[in-house]
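K.L.:
Protein sequences, first through last, are from chains A, B, C and D.
Residue numbers for the first sequence follow UniProt numbering, beginning at 1 and rising by one.
Residue numbers for the second sequence follow UniProt numbering, beginning at 1 and rising by one.
Residue numbers for the third sequence follow UniProt numbering, beginning at 1 and rising by one.
Residue numbers for the fourth sequence follow UniProt numbering, beginning at 1 and rising by one.
Please note that a few of the clues may not be correct.
Claimed, not checked - Derived lysine to aspartate or glutamate pairs resembling DMTMM-like cross-links, with alpha carbons at most 20 Å apart:
no. : chain 1 : residue 1 : chain 2 : residue 2
1   : D       : 134       : C       : 224
2   : D       : 130       : C       : 251
3   : C       : 134       : D       : 141
4   : B       : 134       : A       : 142
5   : D       : 134       : C       : 141
6   : A       : 23        : A       : 267
7   : B       : 130       : A       : 141
8   : A       : 134       : B       : 196
9   : C       : 130       : D       : 141
To be verified - Pairwise CB distance ranges (calculated):
no. : chain 1 : residue 1 : chain 2 : residue 2 : range
10  : D       : 243       : B       : 170       : 20 to 30 Å
11  : D       : 243       : B       : 299       : 54 to 64 Å
12  : C       : 127       : D       : 299       : 42 to 52 Å
Everything labelled a hint here was simulated from the structure, so no lab data went into it.
The beta-carbon is built from N, C-alpha and C at its ideal position, and this holds for glycine as well.
Number of protein chains: 4
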Amino acid sequence: MCRFLLYKGKQPILLAHLITRPKHSIVNQSFDSRLRLDTRRPLNGDGFGVGWYDNESQEQEPITPCIFTSVTPAWNNINLVRLAEKIRSPLVFAHVRASTSGSVSETNCHPWSYGRLMWMHNGGIAEFEKIKRKLQNSLSEELFLFVQGNTDSEWAFALFLSFLSNPNANSFEHQELKEAMLKTIAQLNAWAEEYDITEPSLLNFAVTDGETVVCIRYTSSKTEEAASLYFSSGTRFECYRPGHYRMVKADRREDIVVVASEPLTFEKADWLTIPTNNILVVTPKLNVLLQPIKDKFYTPERGMEIKIGDEDVAIIPEPKAQLFKAQAEEQMQQDSPILVG
Amino acid sequence: MCRFLLYKGKQPILLAHLITRPKHSIVNQSFDSRLRLDTRRPLNGDGFGVGWYDNESQEQEPITPCIFTSVTPAWNNINLVRLAEKIRSPLVFAHVRASTSGSVSETNCHPWSYGRLMWMHNGGIAEFEKIKRKLQNSLSEELFLFVQGNTDSEWAFALFLSFLSNPNANSFEHQELKEAMLKTIAQLNAWAEEYDITEPSLLNFAVTDGETVVCIRYTSSKTEEAASLYFSSGTRFECYRPGHYRMVKADRREDIVVVASEPLTFEKADWLTIPTNNILVVTPKLNVLLQPIKDKFYTPERGMEIKIGDEDVAIIPEPKAQLFKAQAEEQMQQDSPILVG
Amino acid sequence: MCRFLLYKGKQPILLAHLITRPKHSIVNQSFDSRLRLDTRRPLNGDGFGVGWYDNESQEQEPITPCIFTSVTPAWNNINLVRLAEKIRSPLVFAHVRASTSGSVSETNCHPWSYGRLMWMHNGGIAEFEKIKRKLQNSLSEELFLFVQGNTDSEWAFALFLSFLSNPNANSFEHQELKEAMLKTIAQLNAWAEEYDITEPSLLNFAVTDGETVVCIRYTSSKTEEAASLYFSSGTRFECYRPGHYRMVKADRREDIVVVASEPLTFEKADWLTIPTNNILVVTPKLNVLLQPIKDKFYTPERGMEIKIGDEDVAIIPEPKAQLFKAQAEEQMQQDSPILVG
Amino acid sequence: MCRFLLYKGKQPILLAHLITRPKHSIVNQSFDSRLRLDTRRPLNGDGFGVGWYDNESQEQEPITPCIFTSVTPAWNNINLVRLAEKIRSPLVFAHVRASTSGSVSETNCHPWSYGRLMWMHNGGIAEFEKIKRKLQNSLSEELFLFVQGNTDSEWAFALFLSFLSNPNANSFEHQELKEAMLKTIAQLNAWAEEYDITEPSLLNFAVTDGETVVCIRYTSSKTEEAASLYFSSGTRFECYRPGHYRMVKADRREDIVVVASEPLTFEKADWLTIPTNNILVVTPKLNVLLQPIKDKFYTPERGMEIKIGDEDVAIIPEPKAQLFKAQAEEQMQQDSPILVG
C-alpha cells in the first residue's frame, strides 16, 4: 500500500515544504512509514508522483495539472529534490507507491490526470482481477482507451470519470465531483457483491479539478479500519527549525488544508483523524465538509457531518466521533479554533 | 516501428556475436536503421529486449526463456553489453523498440513470454484502438489478466495464445504453432474488416517454444510491402575481423538460422529477402519451411512454398519470387548450397 | 558530441516553446542532428538536461537554477514534456548528450550548477585523460570535491570556477565571468601544449549566473571549424503554426536572445553563425557583445568585435566576417535592424 | 551503509537460491535490514549489483566476471529476478547499496571489476574527502583513469589494485591478494592518521580473482564493532520449503562457503560471526583461513587464527573469540563438524 498527501491553500506553497524538507515528509514516509496496515513490506519504494496546478493560469491555456513521476524511489530522486525547491503551487497531490497491483512502470505511478482532473489512490481494490473486465466494459470507448497502465487505481479513475456528465468540462461543481466519488464506491461495492468478493477493499481516493478537492477514507467493511488518513488546517504551514514544521492558526481564517496518510508534523494537535468511511470535500473557497458515507458499511460510530469554514458545525456524538471531537476540542483550546468558520 | 532478430542454432552462440559486436548489429540498428518503413523518427530508442533459452535445461525445471528488457536505449546499456559477453544460447530473440503504440515502460518491451513460449513483433496493428476491446473480450480470463502492458503487440500475443489448445503445455507441435499464427492473422483481418479499418497492418510476428520458431512477414494489403525481413542460414556465424561477420556454409548442413529485420553482415549473399506475406517455420531439427500465406491479400508474386533441409524444394516462379530464387541461386554459386537439404 | 541551447529574455518563456514544441527543437536534434561534426553515431541519446532560473526570486532565498536531468533520451521523457508545458523562465539552458567522455549517468548530464552559476559544454577536451590529474590538482579542495561525475565538461566547469575571485558570490560582473572563461580556455591550451596534445579540442562552453550569459564557440586549431553555434535575437519568439516558430523583430528593441548548436526555426534569416573562436556576452540588460578570441589560434577571418544593443557596432572586415556581416545586413533589410542598439 | 554477500562453491549455484528466493535474501535485506549499524535510514535502496564468474571459461577468452547493476532498488527489479532464475555460477558477489558517499548512479554500484578481479565494500571510509586527493595521487595513471564513479569504495579498489605487482595478470596467488588487502587497510589507516581523522572507518571489503576470495571485517577502532559479517560453510545450500534454506553438512567435506552481512537462513547454527578486524581467505580449493589483523587496532579478544579445511585449527581463547568458539562447538554438536578439515 502507498502513502499520499494533498495540499490546498489560498497561497501557493513551495513543494519542498510538503515533500522533501519535513522530517516526516512523504518522501521519508516512503521508507519509514509508521502507520501502514500492510506490514509485509514496510516501504513505499516502487515509484512516486507529484502533481500540481499553476498558481495562475496563463495565456488562456486550459487548466491542467503538471505531473512528475518516477519509478525510482522518491528518497534518492535528485530531480524531485531540485524541482521541489523551486516549484510553488496552491494545489498539490503527492504519492509514494508500494505496488499491490500493476507492475513497476511510470504508467503505474499516481497521480493520473484527465483534462483538468487529477486522481490518486492509497489502498487496493480487493480481488480486482475478478471485476477488471466488467469495469472496462462499463466504460465509454474514450475512457477505456485513456488508461495507459495496469493498476486497479487508474481503472478506478476511469470509472470515476464515467460518472461525470462531461469529464472534459472546463469546470465542475464540487457537488458533481462528490457525487461521482460516491457512485464510484457504490459501483465497486455492487461488483464486489456480484462476484462474491468478501475481502474488504481499501479505497482512500482523492480527486481534484484544480479548485475543489474530494477525498475519501473508505473500506468496504463494517468492522475494519480503512487505511489511515489525517486532516490539518490553519493559516500557515511553518518551519520552526530545519525539518520541523507546524500548522499555525493565526486567526479564525482557514487558508490551508492538508490531508495526508500520515501526519507531516510531530505536533499531535495539528492533525485530526478522518474517521473511516467518510468523505471530505474542500471547496474552492476552502470551506471543508466532512461527511460519513451512509451505505451498507456505515455504522454510527463512523461519525456525523462536520463543516469547517461555515456557520453550521455538526457534532459527532458516537464513540469514535467522540474521539474526533475530543481531538478537535483539544486543538481548539491549544491555539485557535479550527472547527468553526 | 521496431527491429528484431532471431537466432536458432545447433550450438549455443555468445549473445555478443548477434547483439553487440557486429557493426550492423541490432543495437546499431537501434540508431542507424536503414530499412525502416517509417522514416518520421529514424531510430529505435524506446527500449529493447533480449530473450533466450538455456543450452540445457537443468534440475528438471520447466523450460522457460530468460528475458532482459530495458527502457533505456540498447546502445548505451552497460548491462546489455556485459551480459551479451557472457551468455550463450541456442535460441535467441532480440528486439529494439520505437514506440508506435503503448507508452515507454518495461512492460511494453518485447519479447514477452508465457510458459515456455516467447513472442515479439515488428510493426503495428492498424487502428488498434478500434478492435482493442473486441480482442480483449475474446480472451479467456487467464489470458485477459496475463497482459501487463498496453501495446498492440502484447495483446496480439494473448490472441495467439488463445488459439493454442493449451498455452501452458510442456511441448508443442510446430504445426500447432504455425496454425495458431495463421489464425491470429486471420482473426485480426476479420476484425479489421468488421470495423472498417482500411489502413494496412504491419504484422511481422515471431514466436517460439524454445524448439520450433514460427515467424511471419505480413501486411494486410495486396499491394504494399510488409516491414523488411531477411533470412540467413549456414554452418557457422563467423567474425572475420572485429565488427565484421559472415555466415559460413562449410558443407550442406544447416546448423544455424538467423532471421532479422535487417542483415547483420555486409555480405549481400548471406541474406535472402523473405517475401511479403510468407510464413517461415524452423523446426526443432532446423528444417526450414517458407510458405506464402494464401488469404485474401495473397498475390502470386508473393511466392510459393520452399523447404530447406529437406528433399523437396519448391520453386518460386512469379516475379518477386524470381528475385528470391535468383538471390538463392547466386548465393549457391558463390559458396555452397543453401536451399537444399 | 552534444547539442545545446540557451535563452535569455526580458520576459519568461514557456519551456515547451524552446524545448519540445519546435519541429527542430533540441529534443528533435537529439535524434535528428543535422550539423554534428562527429557523424559516427548520429544521435544524442545519452541523456539530457534543462536548467532555468525563476522569474522572480522569492522569500529572500539565494538565486540558484533549477536543473532537471535524465539518462533516458529527451525524446521519450514524459516528465520533460509535462514540465516544459508548465514552467516559464527568463533564462534557460538545455542540453542533449552524446557521450564522448564519461559514462551514462545522471551525474554526467549537463548543465551543472554551483551556487548561482550554471554551465554546459558542447564538444570535448582532446585527450582529456592526459591532463585530468593536472587539472584536478590545480583546484582548491572545495572545487576538487564539488565534482560528482567523470566528464571533461564538469571538470572544465570546476576549472572555470577556480578563476573566479569567489565562486560562491551573490553577484558577478559580466566582465569577471568573461575573463574566467578566457582563462579557462587559455589554461586548457597551456596544458595541451605541456602534454603534447595536438588534436584540437572542441570547446563550446556556456555559463550564466542567472543574469549575464557568457558563451564561446571555440576550437584549439587555426584551421578547423569549431562545433556549430548560432545566434538569434528579436522581440518575440513566435509560433505561427504548430511546430513552426520564427523570431519576430517588432521594433529595434532586443528582448530575446537565443544561442543554439542548431537553428530552432526554419527561417534562415533568423540565425547568424557565430564565427569560430569568438566569445559572446549577453549582459543582464540584454546588450550583446561578440568578440574574437585573439590567442594563438586566432586568424583574422575569425572576425572582429560586434556589439548589439549599444551605439558602437564594429564591422567585421575579413572574409568569414564578411559572411557574418552579409547575413546580418540581409536580415536587417528583411524585417528590422538587429545589429544596432 | 550497505549489505553484501559472497558465495564460492565447488558446484555452480543458481543465483536465485542466494539472491531472490530466500526469505532473508540480500534483496529482502535491502528493505528489511536488521543488523545495520547506521539506523538513520533503514534500507538499502540506492541500487544493487551482482557479479559472477562463468562455470567454465570458454573459447580461450580471458576470465572476467559478468556484472549486472542497477540504480533501481533490488526488490522491484524484474530483470534481476529473471536473470537470477537462469544463471548459475560457482563464485558470486552480490551487493545492495545505501549511499554514504557518491551519488546514485550505475557507476557507483558495487561490485566493480578490473581484469579478472572483482571488488565490493560494505561500510565507509571516514572523512574520505580529506584523503581523496592523496589517494588519487598515489595511483598510477592507468588506475587513476580506471575509476568511473565517485565513491570511496571504488577508489579503495583502485588503491588495492595499486598494491598488486600486476593488476592485469592472468592469475594471482592468494597470498598476494591477501597482502594487498592488508596493505590497503594499512595505507588508509596511515592517511587517516596523517589527516587527523579520528572517526573510525568501516571497511568490510571483499575481493576475488574468480578463484580465491579475500574478505575482511574491519574497523579502524580498538573499541567499536565493525559492520556485521557472517560465515557459513557446508556441502549443500538446501531449500527445505519455499523461502527457507539451510546449510547442509553432509560429511566433513566443505563444498560451499557463504559470507554475508546478515545470515541468509533462519538456522542460527548455520552462521558464525566473523570477529571484528579479521581477514578471511578462501582458497581456490575451498580451504578457509580466518586470521585477526594485528595492527594498532588489534585487541586480543578479536581472535586468533582459524583454518578450515586443513589439519591445523587454531583455537581462539580470548573473550569474544570464546563466543566464536562456543558458536562453532554448538554447531558441531548439532549436525556435523565445521571447523576441522
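K.L.:
Each hint should be assessed against the structure and marked as holding or not.
P.N.:
Going down the list of hints, with the structure as the test:
Restraint check for residue 134(D) and residue 224(C): the C-alpha separation of about 39 Å exceeds 20 Å, so the hint is violated. Distance check on the hinted pair: residue 130(D) and residue 251(C) sit about 57 Å apart at the alpha-carbon level, beyond 20 Å; violated. The suggested pairing of residue 134(C) with residue 141(D) holds, with an alpha-carbon distance near 11 Å, which does not exceed 20 Å. As the CA atoms of residue 134(B) and residue 142(A) are separated by approximately 15 Å, the hinted pair is consistent with the 20 Å bound.
Taken as a hint, the residue 134(D) and residue 141(C) pair is honoured in the structure, with Cα atoms around 11 Å apart against an allowance of 20 Å. Of the pairs offered as hints, the one joining residue 23(A) and residue 267(A) holds, with about 12 Å between alpha carbons and a cut-off of 20 Å not exceeded. Using a Cα cut-off of 20 Å, the hinted pair residue 130(B) and residue 141(A) holds, with the two alpha carbons roughly 9 Å apart. Restraint check for residue 134(A) and residue 196(B): the C-alpha separation of about 26 Å exceeds 20 Å, so the hint is violated.
For the hint linking residue 130(C) to residue 141(D), the alpha-carbon distance of about 9 Å falls within 20 Å, and the restraint holds. Roughly 26 Å separates the CB atoms of residue 243(D) and residue 170(B), a value that falls within the hinted 20 to 30 Å. Restraint check, residue 243(D) to residue 299(B): a C-beta distance of roughly 58 Å satisfies the suggested window 54 to 64 Å. Distance hint for residue 127(C) and residue 299(D): a CB-CB separation of about 51 Å, consistent with the stated range 42 to 52 Å.
Consistency note: the structure conflicts with the earlier hints numbered 1, 2, 8.
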